[in-house]
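Heads up: the sequence lines are chains A and H, in that order. Residue numbering for the first sequence follows our numbering, beginning at 1 and increasing consecutively. Residue numbering for the second sequence follows our numbering, beginning at 362 and increasing consecutively.
Calculated from the structure, these hints are not laboratory results. Model, not experiment: these values are computed from the prediction. Careful: at least some of the hints might be erroneous.
[Unchecked claim] Going by beta-carbon spacing under 10 Å, a handful of chain H positions derived as facing chain A: (1) Ser449; (2) Asn464; (3) Ile478; (4) Leu507; (5) Ile655.
[Claimed, not checked] Here are some chain H residues pointing at chain A (derived, C-beta under 7 Å): (6) Met465; (7) Tyr493; (8) Ile495; (9) Val497.
Quick reminder that beta carbons are idealized off the backbone N, C-alpha and C, glycines included.
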Amino acid sequence: MKLKLPQIPRQITVSLIAVFMGLVGGAVFMISTGSNPFEGYNFLFRGGLMNIERIGNTLATATPLIFTGLSVAFAFKTGLFNIGASGQLLIGGLSATAIGLTVVLPKPLLLLLMIVAAIAGGALWGFVPGLLKALFNVHEVVATIMMNWLAYWVTYYTIPAYLKGEFMETESRRIPDIASLRVPWLTDLFHDSFINLGILMAVIVVLLIWVILNKTVLGYELKAAGFNRYAAEYAGMAVNRNIVLSMTIAGALAGLGGMALYAGYAVNIQIGILPNQGFDGIAVALLGANSPFGVLFAALFFGILHSGKGFMNAMTQIPPQIGDTIIAIILYFAATSVLIERFLDRIKKFFSNRTINRGGS
Amino acid sequence: MWDFLTFVFPYAITFTIPLLITSLGGLICERSGVVNIGLEGLMIIGSFASALTIFRLYPSLGGSAVWVGLIVAAVAGALFSMLHAFASISLNANQVISGTAINMMAGALTLYFARYITGSGNIHIISGLQRYTIPVLSKIPVIGKLFFTQTYTTTWLVLFLLLASWYLVYKTPFGLRLRASGEHPHAADSAGVNVRLVRYIAVMFSGAFAGLGGAIILVTYSGEFNGSVAGLGFLALAALIFGQWKPLGILGATFFFGFASTIANVSQVVPALDRVPGLILKAFPYVVTLLALIAFSKSSQAPRASGEPFEQGKR
């Protein structure tokens, strides 16, 4: 009991310090371009939270990040680094969009079919690196990077050929209301915001992943493979099968994020962009300490940064890229958490030394 | 066919050169045992630094501002790569996460400053490098037409750097230490090699070369900084793997990839090539890299310790 207690707060402390460093870094850049950081952050957070419409937009912005964060975190639990969430998200979104633009069905059935397509597309993009890892020991980082750019080029050529918009060659046709995750009651509830059914899907999936990881045999085996692959193998677990399964599920999660992004938050797909959400997902997973609920909170926080930056840009001279900069700095400090841990150790030592000294003298 | 080749070749070489120099930086870095997936971001840094320098200095320096821009780009790339070096060498951080952070930071920060400076996210340079035809060599049959016409000085600079890097990696004491640090850092350490210092220098090379690569894109064919190098850093990474971490290998791989991409690009303009499916050509580098990874999975030439932090106590 005593051993376990300090562990959990420490992860949260490290995450909070990383966030703090990110905000400090952002402030430094705001000052360097002659802006007042207090004013900047004031508008940034107001832009994300000041009224019900903006809260709705923040939730809609956070939705794909919840999915990609979960995707990265889930693979991490099996000891795999899924850097391919961007590609999986893109293919998932492309599959869902293709169905949404071509199939005619009542809305609930159509959405269900699109969900299946998004899962299938993303899962395929995760399955390939998983299979290569299991069969040939190809490093999943390299494989998922290649899959990212394959997704980029598949989208780049598929959309103009089959799904192109009426005016623009470089984007898909606008998705009809019947194929959108946006529903009137939710849009009205949040005063005309982008919020859509994706956020509900995301919350359900967070719970589902939590159950899989913590309450099922499969979850136990996946985590065992992550802790020590050889021990898991020795204990008779099918580690190779679990690697493929883990990457496939991670891909499916990111694929769902693609549907939430392109058929919920947005109304079409633009070509020539590898979506940032996949890389943001790495930061989300790290900040959330790879736990489903941690991912949820981290994604919501990044959602505020992303949805508030436009308002901040409108009210001040600060370019909106400060939001992405802050996220990148947070990721850097989450990666170098050793630095933070050392700092925490030093503080701890400092205080314990003081009490000893006081007691001794 | 011959006309087509002489038409496409200069473009293919122009496209290959930034890939080659970036891939070469990745080679030096990975041979020392540090994985650098931040090449894309470092290229963006180089592109930004050179664009800004040329934008500012062109009115006073004229054409030589371009060369100042290239040098500034290499220095900026080297400095920015120190973030990656510090995280992955001094703090034993996960090198993939650190590299991803570099990519994100570079993309966001450069656009942030570009927007602050010019109002829009783009920095347009008035003039880049000019193509020229080398007088005598271009008269050589076949290769003269392919390699020595419509060429840039940077092409020859990069080929020289390739040769110099080959010499550095294989023929000098530093190169031996570099390769030892990437294959078996503890053995190198016990032989008195300062593994951490070697790795710092190697990462700095990758930063400088990737920065140069980004700048070369700007001064040869793009002419404008827009906050992205469209995945060329990752393509360079693919070339590094497909070239199996060898200088000649990456020369072949980058040219192969550069040629395929160029054909895909011109096929939209040249009516006769309209039928060539762009997707296959564009997806080709990534597919062959995956296939190469499978084919070489038993006999991969990857540096053995690449991606692993060096911990002195762990033998």
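Ascending list of hint numbers which this structure does not respect: Hints 4, 7, 8 and 9 contradicted; others consistent.
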